[in-house]
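From just these sequences and the hints, can you work out the full model?
Now for the letters of each chain:
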Amino acid sequence: MKFDIEMLLKNDVRIVVSTFVGISFLFIIVAMILGLDFNGTVNTIQRIMFLSAVYAMVVLALNLQWGYAGIFNIGVAGFMLSGVYTMAIITGDPNGLIPGLGLPLPIGIVGGVLVSGLLGLLISIPTLKLKADYLAIVTIGFAEIIRYTANALTFKTFSIAGVEMGTGAGRGIHLPMNPIRGLYYIDPSNMGLGKTIVGEYIFGFFEIVQVQSSVVVSWTYAIVLIFIVGLFYVVTYRIGNSPFGRVLKAIREDELVANALGKNTDIYKMKVFAIGCGLMGLAGILWQGSYGYTNPTTFQPILTFYIFIALIIGGSGSNTGSVIGGVVFASLLFEGPNFVRRVIMHVFKFDKAPNSIIEAMIPISSLDFEPFISYSLANISSLRVVFLGLVLVYIIQNRPDGLLGDRKELAASIDISRRPVTETREGKEA
Amino acid sequence: MSSSKVKRKLSGRKKSAKKYPLKVEKIGKKFGGISAVNNVSFSVEKGSITGLIGPNGAGKSTTFDLITGVTSSDTGVVKFNGEDITRKRPYQIANIGLVRTFQITRELKEMTVMENVMLAPKNQMGEQLSNVLLSKGRKRVESQEEEMLEKAWETLDIFHLDKLANEYAGNLSGGQRKLLEMARVMMMDPSMILLDEPMAGVNPTLKNQIITLIKKLSKKGYTFLLVEHDMDVVMNHCNPIIVMHNGGVILEGTPSEISTNERVIDAYLGGSE
Ligand SMILES: Nc1ncnc2c1ncn2[C@@H]1O[C@H](COP(=O)(O)OP(=O)(O)O)[C@@H](O)[C@H]1O
Ligand SMILES: [Mg+2]
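The listed protein sequences correspond, in order, to chains A and B.
The opening residue of the first sequence carries number 1 in my numbering; numbering runs sequentially from there.
The opening residue of the second sequence carries number 431 in my numbering; numbering runs sequentially from there.
Take the hints with a grain of salt, since some may be wrong.
What the hints assert, rightly or not - Pairs of lysine-lysine residues, derived as DSS-like cross-links and limited to a Cα-Cα distance of at most 30 Å, are as follows:
id, chain 1, residue 1, chain 2, residue 2
1, B, Lys569, A, Lys408
2, B, Lys518, A, Lys131
3, B, Lys552, A, Lys408
4, B, Lys539, A, Lys271
5, B, Lys566, A, Lys271
6, B, Lys509, A, Lys129
7, A, Lys129, B, Lys649
8, B, Lys476, A, Lys271
9, B, Lys566, A, Lys408
10, A, Lys408, B, Lys518
11, A, Lys271, B, Lys552
12, B, Lys539, A, Lys131
13, B, Lys476, B, Lys645
14, B, Lys593, A, Lys408
15, B, Lys552, A, Lys131
16, B, Lys650, B, Lys509
17, B, Lys649, B, Lys445
18, B, Lys581, B, Lys518
19, A, Lys129, B, Lys460
20, A, Lys271, B, Lys518
21, B, Lys539, A, Lys129
22, B, Lys539, A, Lys408
23, B, Lys448, B, Lys569
24, B, Lys552, A, Lys129
25, B, Lys448, A, Lys131
Keep in mind the hints are simulated off the structure, nothing from the lab.
If you want it as structure tokens, here you go:
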């Protein structure tokens, strides 16, 4: 019986790995069409992998809340923000323009996760009795309050008990140096001081194939993130595939039944809300942490919308589906349109796009569609939301359970679909 | 009059919690202006199959809701095994051994029959996050689940649901859903079970098997309070029978007392003919 679960797991790992490989392959072809050199190709795939990993993490966290327990949290962006900002404030230079507490990065990361988790717990207490739609309103309101707070001049710098700190308001806040650089450089903040032994060797190796050291660093980070996606998966898989996960599912289906069957549903909801929000905070930290800087605009409500789309595509309720959804969303739906534009512009050698829709439209009267097409392509990222809306409508119409949603993933630590052959039975059959 | 005689009289009236695990005292509930349950009192004897009958809208299901904490009562007290459970939450009441099924079945649609049944057992180690997350605890969770799984298959056998174990509960027929509800509460190892029209939509052969099962369990000491419209079932297998009408109890008695009582015939038997 254990054998079957391992088979399933292997199967799922295969699905995930082939998705990653397939997407990489696709982008290698795109890079070839664009005529990118090896460095450019490697860099492109790194960007895709990085964003895919980030989405996979947040989607897994959301799946725990929405997919399993049916908790309609549309304040995901807010919980990511709270994680990132807490980390930034904890680790910030006390003498910097926007002062921080100057504590080490690990404390910042743990602090960020805890604050996001605690905020989740805090708002769960008064709100989990609300129906899904009211909870949605509260969570998005909360996320916006956090974002406005981070944006508010009042908190640009402030002090608690005499300790100076701040959010940097609209101009954003510095984030600590990505520790991955420390692997390669003696002083991560000053590359001029030379490389570590690891740096010497690895950069040296990749120089031969003409991959720049900056690409090596970012690839290393992407690999670390993919590994952390694995950890997220293990955590969410263990939570979901257990009696605990069964109660979550029951809450999603009919909370009163779960309660009438002896489960203290409020506690379960609080726990899963806190854990989910903590994981969202961590995902936010790992995402923004590589940029060295973040600002409130990054955490607009649209981000939450993206994460929900990714979850719906992958299959709400399935952890494997969540990873697939995150990868497919980030690579094909989010980054995809930009590459489509680049490929078309490159292949058809369009002139520079016109500056306004008027300029784009006028030539159509003389049956010259090129300006219009190139104008549309140049603005493809603004069209992304329209495109996503269409994808969403298509999925809801044709595959409402998402890519992996129609699988039966049983919430148990063992395979509960097979009947164990009892000894007496075996005796009879033998 | 000697004091011992008075005492005996009192204790005779004050039914002991050991013999009468469930005691409902003057409970009432109003919805808006309507009194759904009004000043209802009764006790259920241990090991009995007590019938609760009355025409539609009499207040039977609401009484179940008040007993099990699904709805909070406006007035009155409910005691189970001597403990006041009036203000307890449904999960607390279920965990002390008083469980119920719902008249309008509430199966967990997008969970399989087996998941529905495996949800029910009490004290599951795997409901603790630390056990679920850490490999050491997980081993114990797994072995406990193996045990529960065995019991779950046996229970599904009893209710003829074993072939449907991997079907989503939402795909079951009305009768099968009734059976699933019963199988689910049986997995909780309760001492008292409130069944709200469990036979509705269940085919006659299976109906007889369920009655046989209920009788067997009641002999073992399980207590049943049964709301049922099938008069053959009630009259042949329930004793005593409590009759409700317009939110109140109008009579409590043996099947023969009930079937010959004029008020009952007027309110219920007469009404349904
Ligand atoms: N949640 C509710 N809100 C308003 N009225 C209700 C509610 N539940 C039950 N009632 C009313 O209470 C009365 C008793 O209903 P019920 O307990 O379901 O009767 P029974 O189970 O005996 O058929 C009916 O008049 C019903 O309409
Ligand atoms: Mg009823």
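We went through each hint and held it up to the structure:
no., hint, in the structure
1, B:Lys569 to A:Lys408, "holds, 23 Å"
2, B:Lys518 to A:Lys131, "holds, 22 Å"
3, B:Lys552 to A:Lys408, "holds, 24 Å"
4, B:Lys539 to A:Lys271, "holds, 24 Å"
5, B:Lys566 to A:Lys271, "holds, 21 Å"
6, B:Lys509 to A:Lys129, "holds, 27 Å"
7, A:Lys129 to B:Lys649, "violated, 41 Å"
8, B:Lys476 to A:Lys271, "violated, 38 Å"
9, B:Lys566 to A:Lys408, "holds, 27 Å"
10, A:Lys408 to B:Lys518, "violated, 36 Å"
11, A:Lys271 to B:Lys552, "holds, 19 Å"
12, B:Lys539 to A:Lys131, "holds, 19 Å"
13, B:Lys476 to B:Lys645, "holds, 13 Å"
14, B:Lys593 to A:Lys408, "holds, 17 Å"
15, B:Lys552 to A:Lys131, "holds, 27 Å"
16, B:Lys650 to B:Lys509, "holds, 22 Å"
17, B:Lys649 to B:Lys445, "holds, 21 Å"
18, B:Lys581 to B:Lys518, "holds, 29 Å"
19, A:Lys129 to B:Lys460, "holds, 23 Å"
20, A:Lys271 to B:Lys518, "holds, 22 Å"
21, B:Lys539 to A:Lys129, "holds, 22 Å"
22, B:Lys539 to A:Lys408, "holds, 13 Å"
23, B:Lys448 to B:Lys569, "violated, 39 Å"
24, B:Lys552 to A:Lys129, "holds, 24 Å"
25, B:Lys448 to A:Lys131, "violated, 41 Å"
When the structure is compared with the earlier hints, violations turn up for hints 7, 8, 10, 23, 25 and for no others.
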